[in-house]
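**Q** Sequence:
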Amino acid sequence: MTKELFAHNVPGSTEVLEKKCVAVAGCGGLGSNAAAALVRAGLGKLILADFDRVEESNLNRQYFFQADLGQKKVAALSHYLKAINPRIQLTVHDIKLTCDNLVSIMGPADLLVEAFDRAEEKQWLIETWSRHFPEKFMVCGNGLSGLGNTDALKVTRVGRIYFCGDGVTDRSMGLCSARVAIVANMEANVAIELLVKGQA
Numbered sequence: 001m002t003k004e005l006f007a008h009n010v011p012g013s014t015e016v017l018e019k020k021c022v023a024v025a026g027c028g029g030l031g032s033n034a035a036a037a038l039v040r041a042g043l044g045k046l047i048l049a050d051f052d053r054v055e056e057s058n059l060n061r062q063y064f065f066q067a068d069l070g071q072k073k074v075a076a077l078s079h080y081l082k083a084i085n086p087r088i089q090l091t092v093h094d095i096k097l098t099c100d101n102l103v104s105i106m107g108p109a110d111l112l113v114e115a116f117d118r119a120e121e122k123q124w125l126i127e128t129w130s131r132h133f134p135e136k137f138m139v140c141g142n143g144l145s146g147l148g149n150t151d152a153l154k155v156t157r158v159g160r161i162y163f164c165g166d167g168v169t170d171r172s173m174g175l176c177s178a179r180v181a182i183v184a185n186m187e188a189n190v191a192i193e194l195l196v197k198g199q200a
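Residue numbers are given in this note's numbering: position 162 of the sequence shown equals residue 162, and the series is strictly consecutive.
Calculated from the structure, these hints are not laboratory results.
There may be inaccurate statements among the hints.
Heads up, simulated DSSO-like pairs for lysine-lysine below, C-alpha to C-alpha not over 30 angstroms straight-line [as the list claims (entries may be wrong)]:
#, residue 1, residue 2
1, Lys-136, Lys-96
2, Lys-45, Lys-82
3, Lys-122, Lys-82
4, Lys-19, Lys-154
Simulated DEER-style distance windows between Cβ atoms [claimed, not checked]:
#, residue 1, residue 2, range
5, Lys-96, Asp-170, 22 to 30 angstroms
6, Ala-83, Ser-172, 17 to 25 angstroms
7, Pro-134, Ala-67, 17 to 25 angstroms
Here a beta-carbon is modelled for each residue, glycine too, at the ideal position from N, C-alpha and C.
Construct all of the structure, not just a fragment, from the sequences and the given hints.
**A** What follows is the structure in structure tokens.
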């Protein structure tokens, strides 16, 4: 990796992160922003999985632009991640994750970042990952709707699962770009800390 690119990183972190692999389940508001933060931190390998295409309604909170409309999210995001660090090793899956394919697709990672939209999807993902990889950490988003009230956003640990957000799920409140990005970066920050400190 280019030394100058990571010249301002926490001392010793780049050497650890460049040997690590993180899987990101979902490339929307949480996943796209968390992935960018992980690449900027110096992560060596990233596994991305999403089946969706970029829509204009995504642009208020996701790491995409007008030129990406209609493109597959994994393809568009890969382009931007490579633009940040051309040496990042990406494994891209244009597929809908299920309990049947999760293990084979995301299993090689040292840690999983959950970035799904719906509570029921988060539930099966947590259950499946925990059952197959009880020794591996998982970082999840949990409540990010609305705006303001930043003090309510926190990180909660339950065993090897970390939950980031305010714990309130109310889609009727809408989504604010800043709040989504805060939670996405909270997820990335937890993942980075676990990896650098040798816990994952």
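**Q** Take the hints in turn and mark each one as holding or not.
**A** The hints, checked one at a time:
1. Lys-136 to Lys-96: It holds: about 22 angstroms lies between the C-alpha atoms, which stays within 30 angstroms.
2. Lys-45 to Lys-82: Since the Cα atoms of Lys-45 and Lys-82 sit roughly 12 angstroms apart, the hinted pair holds (cutoff 30 angstroms).
3. Lys-122 to Lys-82: holds, 28 angstroms
4. Lys-19 to Lys-154: holds, 28 angstroms
5. Lys-96 to Asp-170: 22 to 30 angstroms: holds, 25 angstroms
6. Ala-83 to Ser-172: 17 to 25 angstroms: violated, 36 angstroms
7. Pro-134 to Ala-67: 17 to 25 angstroms: violated, 42 angstroms
Of the numbered hints given earlier, the model fails hints 6 and 7; all others are met.
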